[in-house]
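Just so you know, the protein sequences line up as chains A and B, in that order. Note that this note's numbering has the first sequence beginning at 1, numbered continuously upward. Note that this note's numbering has the second sequence beginning at 1001, numbered continuously upward.
No wet-lab data here; the hints were simulated from the structure. Fair warning: there could be bad hints in the mix.
As the list claims (entries may be wrong) - Quick look at which bits of chain B chain A covers, simulated, 3 or more residues with Cβ under 8 Å: (1) 1092-1103; (2) 1322-1336; (3) 1390-1403.
Computed from a predicted model, the values in this text were never measured in an experiment. Even for Gly, the Cβ is constructed at its ideal location relative to N, Cα and C.
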Amino acid sequence: MKKILELHDIAREFQMGSEIVRALKGVSFDVFAGEFVTIMGSSGSGKTTLLNTLGCLDKPTSGTYLLDGVSVREQSRDQLAKLRNQKIGFVFQAYNLLPRTTALENVELPLFYNPMVTAAERRERAANALQAVKLGDRINHMPNEMSGGQQQRVAIARALVNEPVMILADEATGNLDTRTSYEIMALMQDLNQSQGKTIVFVTHEPDIAAFSSRTITLRDGRVVKDQINQQVRSAKEMLAALPETEDYHI
Amino acid sequence: MKVLNLIRLALLALQRNKLRAVLTMLGIIIGVAAVITIGAIGAGSTASVHNSLASMGSNLVMVMPNSNAPGGARLQGANVETLTEKDLNALKKEATYINAISPSSQSKGQAINGSLNWPTTIDGVNQDYLAIKNISLKDGKMFSDRDVHTYGKVCLLGQTVVDNVFPKGVDPVGKIIRFNKIPFQVIGVLNKKGQNTFGQDQDDIILAPYTTVQKRIIASIYFGSFNASAKSENLSQAAADEMEKILRKTHRLRPTQDNDFTVRTQAELIQTLSSITSLLTALLTAIAAISLVIGGIGIMNIMYVSVTERTKEIGLRMSIGARGRDILNQFLTEAIIISVTGGLIGILIGETLAFVIANALNWEPVIDKASIMEAFGFCTLIGVFFGYYPALKASRLDPIEALRYE
């Protein structure tokens, strides 16, 4: 099986005034194609720093990080941007959609920064990505005309549109209620299982981690636990088991 | 990134804040419109001054009497009596750079026709006067050399005089009018010339043979002035110099003595007046240009606010693959779109205003293609200049910090 991520002894230090803060103290693990990994950890565990490193927003101080075979530490700022564009699909807690911009235009955005994609292709791929997250009928809606779950699905479509090797989600269900969280997790599981997408999901909720195939736990900048999930729960089944909502109807 | 993509991204971003974009544009619109309008008014007024002077004959050379008395009271030129028939004949014979010359002896008085009368000026001239001053006849004919020699009591009327002493619809040609009790037969009517640049009505005039005016009205052998036409506008200075030499000779002035006359060319006057209006135009345009610069600062201000406000958006764009220079280019493109669109609207408004004003003042509308291109280029420069620094700031943001910005 192909290794998508290879981390070897990753350390990240920050200069805070005269003090040196060591956020990551030698993190090593590999992620294979088709895995659904959650990274758990309480605040201060180095979770966010690891996420920034995995997402090529930040470079490690030492150690090697290979993303799809590319050594990230040796890349320039512009090359990192290219890596983010073509190999990673970000999903954020706060969705980060552009306001007053249609779903389609939001999803098209990453393709603007990919010089290989023509205008016609851009539109078609964005529409397809929205179709894949079951928002094909809402392509011209503005973010403020959509529910939180729908907005997050637009964000997932945006992450998928450039066909990255990995989807990197940062507390992607943090702003959503239980039902909507399960819906998003069901979508993630579907992308992982039926389309073989590699997903790295950073969260602090054990509930969410139960949907993944593998959980890596961080504490104080070190990996303290890295285990395969024997009993992956199905978000779809959980969703079906939820009592009929009294909050709203879709 | 492709230019087309850049423009599309910038337009999308501007669309999200239409009101702000329009308000920012307003500064540029007003600035450009002001520069164009004022420039056009300036060019129009310069052309108008030039045309109105040229209509009196741009090759005109004028000789006026002047006192050269070194002491005592100096008299006003018109009251000095130095120009005579002898001068006129000498100029006619010896001056080679002129086509024609006519004396002028003016007198104020009352033009009377029956119960109607009108205070006006009679100008005693010769048969060449119309050609020299670029005046055309509306009706009738000019008096002849014979009329001049025989002190003929004939005259030509300007339109203002006709309007005031003849009832509507009456043809004045052939009728007799009186000027200061002396009867004149009207033999022609002059075409309307309107006011000159100094607001003087050029149609409030009666032309008659100078001999008649000198003998029968003012009883003087001296002339008020000479008007000559140089062979071309370019030769008018040479003609003036030559005439000065001839007059000094006929007046027997010693080299140490000053002229007792003044020779002036129309070309000189045109140049002086044109340079005044040009200077005024330049000044006003400079003031308008300041407002354009202020418009540019407005763009810079808004772009700064925009960069701060859109920090999170910039972080997002970077996280999905925008390079620093993509962000720089996008913000720069937004600034240029604002300034260029504002510039185009400003040009449109400015040209319309210029056209309306030119129409209202009866000028030829001056639409200067070069100034439009200049304004357009200047707007692009303003966009780049004032948009660059905010855009640079945006491009240097750290994506992690920017994403976390609330």
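Structure-based check of each hint:
1. 1092-1103: Three-residue rule not met by the segment 1092-1103 of chain B, so violated; n is 0.
2. 1322-1336: Coverage by chain A holds here, the residue count being 5 at a Cβ distance below 8 Å.
3. 1390-1403: holds (count 3)
Figure legend: structure checked against the earlier numbered hints; the only hint not met is number 1.
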